[in-house]
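Engineer: Sequence:
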Amino acid sequence: MSHLTAVPFHGTNIHAVKNDDGIHIAVRPVCESLGLDYSGQLQRLKRQPWASVGVMPTQVPGDVQSREVTFVDRRTFTMWLATIQTSRIKNEAARELLEAYQCEAADTLDKYFHEGGVINPRASEHQVNAIIRQAQMKMELCQAAKGLIHADHLEARARIVLAEGLGEKPVLDREKRPLYVQAYLEQKNLSTSQLRKVAGTFGKRLKAAYTLRHGKAPGQYPLQIKNGQIKNVNAYTEADRPLMDEIWTDYYAQVAS
245 MSHLTAVPFH GTNIHAVKND DGIHIAVRPV CESLGLDYSG QLQRLKRQPW
295 ASVGVMPTQV PGDVQSREVT FVDRRTFTMW LATIQTSRIK NEAARELLEA
345 YQCEAADTLD KYFHEGGVIN PRASEHQVNA IIRQAQMKME LCQAAKGLIH
395 ADHLEARARI VLAEGLGEKP VLDREKRPLY VQAYLEQKNL STSQLRKVAG
445 TFGKRLKAAY TLRHGKAPGQ YPLQIKNGQI KNVNAYTEAD RPLMDEIWTD
495 YYAQVAS
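Each step along the sequence shown adds one to the number in our numbering, with nothing skipped, and position 79 is 323.
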């Protein structure tokens, strides 16, 4: 399963994933940013002999479950943008954004995924200072959250904020990367009904095993779920994956067999 990355671009985000086949861009968010009809553009792309269009199960930030997302590869993305006539875009802001997409989007994606983060080279000093100040404010919030949020999750968030302020890609300690129960189970390729059946008891068994092993219950972390509400969930990290594997092997391995 792929995880969607939001690449900052002129006040919006280009939603993309990178895997062994290269960089792939989600079509719908681009259409929404430019005020284009998604269904019409998708049909138009599918008619083109040069277009490579595919659907991948993708974990969208803020969603509990993965969803099917339509992507185009980097080459198709560039050609698609070039075929959209700016003169047909009536909204001036959307027209300017399209021109920026046509001129800079491909380079922005390359720099983000191959060189780390990216700050628009045309950004003014005022804009750069605003980005830095925003990062400072987020870091202050992270500092204030000490003791309220699981330490490893808080550190990961702070590293992401710091990287945003520096225009770089965040470097996270693998063992301290947040690992949510839902994400772990989705990696087992369960059907929707299987996932619903397993999730509740798996979480309870995992919490009990964690408490027994560490002498304390797991910390909590506020997670925004699909409907936009905030829910406190048990905070685990990649260091807890072996424990999750034990629970899975002992109780649930036959479910996916």
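There may be inaccurate statements among the hints.
With a Cα cut of at most 30 angstroms, we get these calculated DSSO-like pairs of lysine-lysine [claimed, not checked]: (1) Lys420 x Lys441; (2) Lys441 x Lys460; (3) Lys451 x Lys432; (4) Lys460 x Lys262; (5) Lys460 x Lys432; (6) Lys451 x Lys420; (7) Lys441 x Lys451; (8) Lys448 x Lys420; (9) Lys420 x Lys460; (10) Lys290 x Lys262; (11) Lys432 x Lys448; (12) Lys448 x Lys460; (13) Lys420 x Lys262; (14) Lys334 x Lys290; (15) Lys432 x Lys420.
Just so you know, the hints here were simulated from the structure itself, not pulled from any lab data.
Engineer: Against each hint, give a clear statement of whether it holds in the structure.
Structural biologist: Tested hints:
A distance of roughly 28 angstroms separates the Cα atoms of Lys420 and Lys441; the hinted pair therefore holds under the 30 angstroms criterion. Proposed proximity of Lys441 and Lys460 is supported: the alpha carbons are some 27 angstroms apart, at most 30 angstroms. Between Lys451 and Lys432 the CA atoms are separated by roughly 19 angstroms; this keeps the pair inside 30 angstroms, and the hint holds. For the hint linking Lys460 to Lys262, the alpha-carbon distance of about 38 angstroms lies beyond 30 angstroms, and the restraint is violated.
With a C-alpha separation of about 28 angstroms, the suggested pairing of Lys460 with Lys432 holds against the 30 angstroms cut-off. Pair hint Lys451 plus Lys420 holds up; C-alpha atoms about 18 angstroms apart against a cutoff of 30 angstroms. A distance of roughly 17 angstroms separates the Cα atoms of Lys441 and Lys451; the hinted pair therefore holds under the 30 angstroms criterion. Proposed proximity of Lys448 and Lys420 is supported: the alpha carbons are some 22 angstroms apart, at most 30 angstroms.
Note on Lys420 and Lys460: the hinted pairing holds, with a Cα-Cα distance of about 18 angstroms set against a maximum of 30 angstroms. With a C-alpha separation of about 22 angstroms, the suggested pair Lys290 and Lys262 falls inside the 30 angstroms cut-off, and the hint holds. For the suggested pair Lys432 and Lys448, the alpha carbons sit about 18 angstroms apart, so the restraint of at most 30 angstroms is met. For a cut-off of 30 angstroms, the pair hint linking Lys448 to Lys460 stands: about 14 angstroms separates their Cα positions.
Simply put, Lys420 and Lys262 have alpha-carbon atoms about 22 angstroms apart, close enough for the 30 angstroms limit, and the pair holds. A distance of roughly 25 angstroms separates the Cα atoms of Lys334 and Lys290; the hinted pair therefore holds under the 30 angstroms criterion. Only pairs whose Cα atoms come within 30 angstroms are accepted, and Lys432 paired with Lys420 is accepted, the gap being roughly 21 angstroms.
Of the hints listed earlier, the one the structure fails to meet is number 4.
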